[in-house]
Amino acid sequence: MPNKLEKSIKVMLIDDNIIDLKINSKIIFISKLFDEIIQCQSGEEALSYFNTHSDQPEKLPNLILLDIQMPEMDGFEFLENYKRFPAKLKENCIVAMLSSTLDFGDIHKAEANPYVIKLLKKPLYPAHLEALFKAHFK
Amino acid sequence: MTRSPVKVLYIDDEENNLLAFKASFRRQYEIYTANSAAEGLKVLENLPVEVIIADQKMPQTTGVEFFKSIAHTYPDPIRILLTGYTDIAALADAINHGDIYRYITKPWNDLELHNSIKNAHDAYRSKIDLRNKVKELEKTNDELNRFIYSISHELRAPLVSVIGIVNLVKMEGLYNSSGEYWELIESCSNKLDYYIQKTLQYYKNNKNVSDKSDINFEKLVDEMIDLYAYSDRDTQFNLNINQTHPFMGDSFRIEVILGNLISNAIKYQKDSGHHKVVDITIEANLLSAEISITDNGLGILNEHLEKIFTQFFKAKNNKGSGLGLFIVKEALNKIDGKISVSSSLNHGTTFKITIPNAK
Chain P
0 MPNKLEKSIK VMLIDDNIID LKINSKIIFI SKLFDEIIQC QSGEEALSYF NTHSDQPEKL
60 PNLILLDIQM PEMDGFEFLE NYKRFPAKLK ENCIVAMLSS TLDFGDIHKA EANPYVIKLL
120 KKPLYPAHLE ALFKAHFK
Chain L
0 MTRSPVKVLY IDDEENNLLA FKASFRRQYE IYTANSAAEG LKVLENLPVE VIIADQKMPQ
60 TTGVEFFKSI AHTYPDPIRI LLTGYTDIAA LADAINHGDI YRYITKPWND LELHNSIKNA
120 HDAYRSKIDL RNKVKELEKT NDELNRFIYS ISHELRAPLV SVIGIVNLVK MEGLYNSSGE
180 YWELIESCSN KLDYYIQKTL QYYKNNKNVS DKSDINFEKL VDEMIDLYAY SDRDTQFNLN
240 INQTHPFMGD SFRIEVILGN LISNAIKYQK DSGHHKVVDI TIEANLLSAE ISITDNGLGI
300 LNEHLEKIFT QFFKAKNNKG SGLGLFIVKE ALNKIDGKIS VSSSLNHGTT FKITIPNAK
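First to last, the sequence lines map onto chains P and L. According to numbering that gives the first Met the number 0, the stretch in the first sequence is residues 0 to 137, in order. According to numbering that gives the first Met the number 0, the stretch in the second sequence is residues 0 to 358, in order.
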């Protein structure tokens, strides 16, 4: 975004499903709300992204869209790790969960987590993303 | 089926009785004898005895005392007490302290004792069978829970991906690029998703867990309209919600009821060029919530009105699954609610519901 003066807004997608990663990246791209999309295929990959770029705040995401059901480290386990990060890594970042779950246990758990600002449902609709964007980045 | 013979333990301090018992019953049962309570306990520790017969009058420990002492450690074997005719106090004690299945007076009658042992063994079997059945049911239930959880994830996730792809196709302007194929894919996917969601709702409603929480009808109705009117923006909603008191209720079931009715009101509409209107009126007070949902849609044939709440009933030419209203009725049954319906063909339908305030 060469002509833009304010700093670019980045979104990180964490999803083990490559197809969903592709679909949601495309939807975010078409929505033109974010300047950069960081794709991670697992919670571990996302954690290591944070570790690698811990002294480059300009590379860190401003929004994480986090899948719940993932092998090895699921969304909630990722949040357990995320919450131990130093504050400066998290201060410009919010987390929303993005899942197709209809399980009430999952829904309650997501709503109860202090780091989760919203549980978005798959399929992701640009209008829902836009509402979230307007509420937190404008 | 041949079953191993019934294992009977007989405790009596009189050696003659033990011998007589063995002589009479050794062909029918697998018999173990002991001449004191302490000896009897040793047998119990080593063998899965099914029926215990104990004499009441024994020097150290009486029969009743023995049965009391094993009430918690060996609850399963069925107990029969042998007493003399005059021993009323022991009988009263035995009956008052429960766990004794029969008492037999001495000297026993072979046939009577034989029948008692047979009945005792039947009682033992049904006790064990029941316990195994409960265990089996718990296991099945547990598996069902996991199955439902996997439906809500594994089965639905790829379907939701497909719906996501169709949305992308729309966003990129390709929806009409292959005749009506994309539209067909979309309609099949939505139908399948609808079935999965209804199946989960039905299952969850069937479970008896009910959590009561504060219901804000205005907020809930807004959410439901938001959810179901998403694909169909041209329905006009007239809301008249008047909640005078806090309302406690089962939020899941109330959501299912309102959600299904609102989605029906949107769905069963006349095809085109028609100004669609849905009126929702709610009066919620200290006692109950009176809800009325009226649409100006297709309406329901008079002869169908009685059947619409039965499972898998579908009217001809309708796109329904035959589950929505059935689930509404089932959910209302669980929370002591009532529903009534009136309809006029081609003019619309009104559902009236009463839900008690569980405060």
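Hints in this document: simulated from the structure, not taken from any laboratory. Among these hints, one or two may not hold up.
With a straight-line Cα cutoff of 20 Å, these simulated DMTMM-like cross-link-like pairs (lysine to aspartate or glutamate) come out [claimed, not checked]: (1) P:K120 with L:D192; (2) P:K108 with L:D121; (3) P:K120 with L:E222; (4) P:K108 with L:E254; (5) P:K25 with L:E171; (6) L:K206 with P:E129; (7) P:K82 with L:E254; (8) L:K211 with P:E110; (9) L:K169 with P:E129; (10) P:K120 with L:E185; (11) P:K120 with L:D221; (12) P:K117 with L:E185; (13) L:K211 with P:E129; (14) P:K120 with L:D210.
Okay, the hints, checked on the actual structure:
1. For the suggested pair K120 (chain P) and D192 (chain L), the alpha carbons sit about 13 Å apart, so the restraint of at most 20 Å is met.
2. Restraint check: the Cα-Cα separation between K108 (chain P) and D121 (chain L) comes to about 49 Å, which exceeds 20 Å; the hinted pair is violated.
3. Proposed proximity of K120 (chain P) and E222 (chain L) is supported: the alpha carbons are some 14 Å apart, at most 20 Å.
4. This hinted pair checks out: K108 (chain P) and E254 (chain L) have alpha carbons roughly 19 Å apart, not beyond 20 Å.
5. Taking the CA atoms of K25 (chain P) and E171 (chain L), the gap is near 10 Å; set against the 20 Å cutoff, the hint holds.
6. Restraint check: the Cα-Cα separation between K206 (chain L) and E129 (chain P) comes to about 37 Å, which exceeds 20 Å; the hinted pair is violated.
7. Only pairs whose Cα atoms come within 20 Å are accepted, and K82 (chain P) paired with E254 (chain L) is rejected, the gap being roughly 33 Å.
8. For the given pair, K211 (chain L) sits about 18 Å from E110 (chain P) by alpha-carbon distance, which is consistent with the 20 Å threshold.
9. Restraint check: the Cα-Cα separation between K169 (chain L) and E129 (chain P) comes to about 17 Å, which is no more than 20 Å; the hinted pair holds.
10. In summary, the hint linking K120 (chain P) to E185 (chain L) is supported, as the alpha carbons are separated by about 18 Å, within the 20 Å threshold.
11. This hinted pair checks out: K120 (chain P) and D221 (chain L) have alpha carbons roughly 18 Å apart, not beyond 20 Å.
12. Distance check on the hinted pair: K117 (chain P) and E185 (chain L) sit about 27 Å apart at the alpha-carbon level, beyond 20 Å; violated.
13. Of the pairs offered as hints, the one joining K211 (chain L) and E129 (chain P) is violated, with about 34 Å between alpha carbons and a cut-off of 20 Å exceeded.
14. In summary, the hint linking K120 (chain P) to D210 (chain L) is not supported, as the alpha carbons are separated by about 24 Å, beyond the 20 Å threshold.
Hint compliance for this structure: hints 2, 6, 7, 12, 13 and 14 are broken, all remaining hints hold.
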